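If you read the sequences in order, they're chains G and W.
Following our numbering, the numbering of the first sequence begins with 1397 at its first residue and continues without gaps.
Following our numbering, the numbering of the second sequence begins with 385 at its first residue and continues without gaps.
Honestly, the hints are just simulated from the structure, not real lab data.
Some hints here could point you the wrong way.
As the list claims (entries may be wrong) - Sample of chain G residues facing chain W (criterion: CB under 7 Å; computed from the structure): (1) 1474; (2) 1475; (3) 1481; (4) 1487.
What the hints assert, rightly or not - Simulated restraints, written as ranges between beta carbons of each label pair: (5) G:1682 x W:664: 39 to 49 Å; (6) G:1453 x W:640: 30 to 40 Å; (7) G:1614 x W:583: 54 to 64 Å; (8) G:1577 x W:428: 41 to 51 Å; (9) G:1582 x W:528: 52 to 62 Å; (10) W:490 x G:1453: 19 to 29 Å; (11) G:1574 x W:428: 42 to 52 Å; (12) W:664 x G:1635: 45 to 55 Å.
What the hints assert, rightly or not - Stretch by stretch, here's where chain G covers chain W in the computed footprint (C-beta under 8 Å, at least three residues): (13) 416-424; (14) 479-493; (15) 500-506; (16) 638-646; (17) 651-665.
Owing to the predicted nature of the structure, the values given are computational and were not obtained by experimental measurement.
Note that beta-carbon positions come from the ideal geometry of N, C-alpha and C, so glycine has one too.
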Amino acid sequence: MSQVAAVEIEGLTHHYGTRRALSDLALLIRPGEMFALLGPNGSGKSTLFRVLSTLIAPEQGSVQICGHDVRRDTDVVRQAIGVVFQSPSLDDKLSVAENLIHQGHLYGLFGAMLRERVELMLDKFGVGDRRRDRVATLSGGLRRRVELAKGILHLPQILLLDEPSTGLDPAARADLWKYLKHLRDESDTTIIWTTHLLDEADDADRIAILNQGSLVAFGAPHDLRAEIGSDAITIHTADQARVAERLRSQLSMEPQRIDSGLRLLTDDGRHRLSEVAQACGDDLRGLSWGRATLEDVFIQRTGHRFDAPQAEASP
Amino acid sequence: MSVIEQPSTSAAASTSIAMRTLLATATLARRELVRFVRQPNRIIGAIGQPAVFWILFGAGLGPSFQMPGVEDADVSYREYFFPGTVVLIVLFTAVFTTISIIEDRREGFLQSVLVAPIPRLAMVAGKLIGGTLIAVAQGLLFLLLGLSLGFSFSIPGLFAMLALLCVIGLALTGTGFIIAWRMDSTQGFHAIMSLFLLPMWLLSGAFFPASEGWLGWVVRLNPLTYGVAALRRLLYWNETANLLPPGTPSMTTSVAVTITFAATTFWLAWLVSARRTAGDLR
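Using the sequences and the accompanying hints, generate a full structural model.
Printed below as a string of structure tokens:
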């Protein structure tokens, strides 16, 4: 495996008009990684995706893909990446095979080599029997498979996917992840996807969490959770201030406010439940314990919930 | 499942830039053709409406039409209107083809072309050549109807007209491309069509002859006038009598202006295609 980073970003800043979508971002993605760019709407992940997919040029800072500058060596970068956009990019009027052949031609493939490759993909994604069918007649799940086939037809070193599960039912979603994991297992392809779904980021080797254009967390999901304590206790209370004060003074614990109550991050949550309940006293409406999630990481780093409404980042 | 082992750059290295550009242009043009034949209503729209215009206007305006300057010549309105109708078919087809840019963008197809390792030139050329081929095929179909009208054209003459239609088609598809590229709705395009493209056609000598006054000037400044004039001249190539309306530009001027028109729109289409619109960033 090549030692050159799959993606290396330094000082990336991007504006839409006067609004800053990305702010001095630095990121390093290793070759062969499954990497998730996690962030709520407006976090800048879509802008980052557009830059990585070469749809827009980076405004400021340097972005290297497989060691090539996206601004200077755009065509080399384009050959090295496969892109699956959120909105479907298949031509409805063409058949499954025609879509793939068209894509192959755009990537410089033709003749016997292309036919072979198309066959391989049709077979790999289980759509061989639908090759002559117009894409318009395919189900959402099958279309997604063909999109994937289209994205990796030229055997890119990096596969980029923008919100890949959007619009898919749970079965199609599971299907998609099955194929992505297969792809990673059988090749060195680096797989990078954006998502606003916390559980979808958990499948990654490492993740970057973005918020308002900045990187707020970076690392393996497990490590990020371990940093904040393995457990989370959620307290439902009508009086956040009073309960928070009691937790601080009696248990020396620093709770975080969330909309309907407070949240405590600790390593031994289960064992501390009763003392927390006692400290809350009559103000306690409910108490729950769970393993810390990536949302806890997000709350801890940003001070607000993951799905809290924020400014929309799209232009 | 089979194992993927080849490095991705192998295909790129073995194919030269020129070859890749050609391949991409050809595949994009081919897609236009395939899409066209799979949407029969487009064929009806592009050729049907001008044909109906030609029959109805021919019948309605025929009795009152008198070609200025050539009173003794027997030129019916249907005959006068014929080259204009061919150009209208080319215009309609060009518009339908370039409207698909807006659809491609809305549906997401365009994004995948924008990030493909192809020169922008290939993307533009693919669209324009595809649109031109469709337009010329439809124009030719109607042109063959002209045989029934008594236009006597030779095989070399027909080829000359085909070549000319290609240039006109390229110019009009290019014009459509420039307009469609920055549009995010097909309704917007239809508005431009009514306010700009149709008047451009009306004032090209296609629908009525005009060589005097301010109208004469508008006609002379309209680049499409020269395409219509060249086609009219080719249709009468073997005629000894002068059946051309007064002020028809010379063949050399007509061809030169039409080629310049096509080259300019091609270049402008290439320029505007560097722009990303809000629709690309969804």
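Hint check:
1. 1474: 4 Å, holds
2. 1475: Since chain W brings a Cβ to about 5 Å from residue 1475 (chain G), closer than 7 Å, the hint holds.
3. 1481: With a minimum Cβ separation of about 5 Å from chain W (threshold 7 Å), the hint on residue 1481 (chain G) holds.
4. 1487: 6 Å, holds
5. G:1682 x W:664: 39 to 49 Å: Given a distance of about 47 Å, which is inside 39 to 49 Å, the answer is holds.
6. G:1453 x W:640: 30 to 40 Å: Holds, since residue 1453 (chain G) and residue 640 (chain W) (Cβ atoms, about 39 Å apart) stay within the stated range.
7. G:1614 x W:583: 54 to 64 Å: Holds, at about 58 Å.
8. G:1577 x W:428: 41 to 51 Å: Since the Cβ atoms of residue 1577 (chain G) and residue 428 (chain W) sit about 49 Å apart, the hinted range of 41 to 51 Å holds.
9. G:1582 x W:528: 52 to 62 Å: 56 Å, holds
10. W:490 x G:1453: 19 to 29 Å: 23 Å, holds
11. G:1574 x W:428: 42 to 52 Å: 45 Å, holds
12. W:664 x G:1635: 45 to 55 Å: Check passed, 50 Å falls within 45 to 55 Å.
13. 416-424: holds (count 4)
14. 479-493: Contact hint for the segment 479-493 of chain W vs chain G: holds, 3 residues under 8 Å.
15. 500-506: holds (count 3)
16. 638-646: violated (count 0)
17. 651-665: holds (count 4)
The structure fails to meet hint 16 from the earlier list, while all remaining hints are met.
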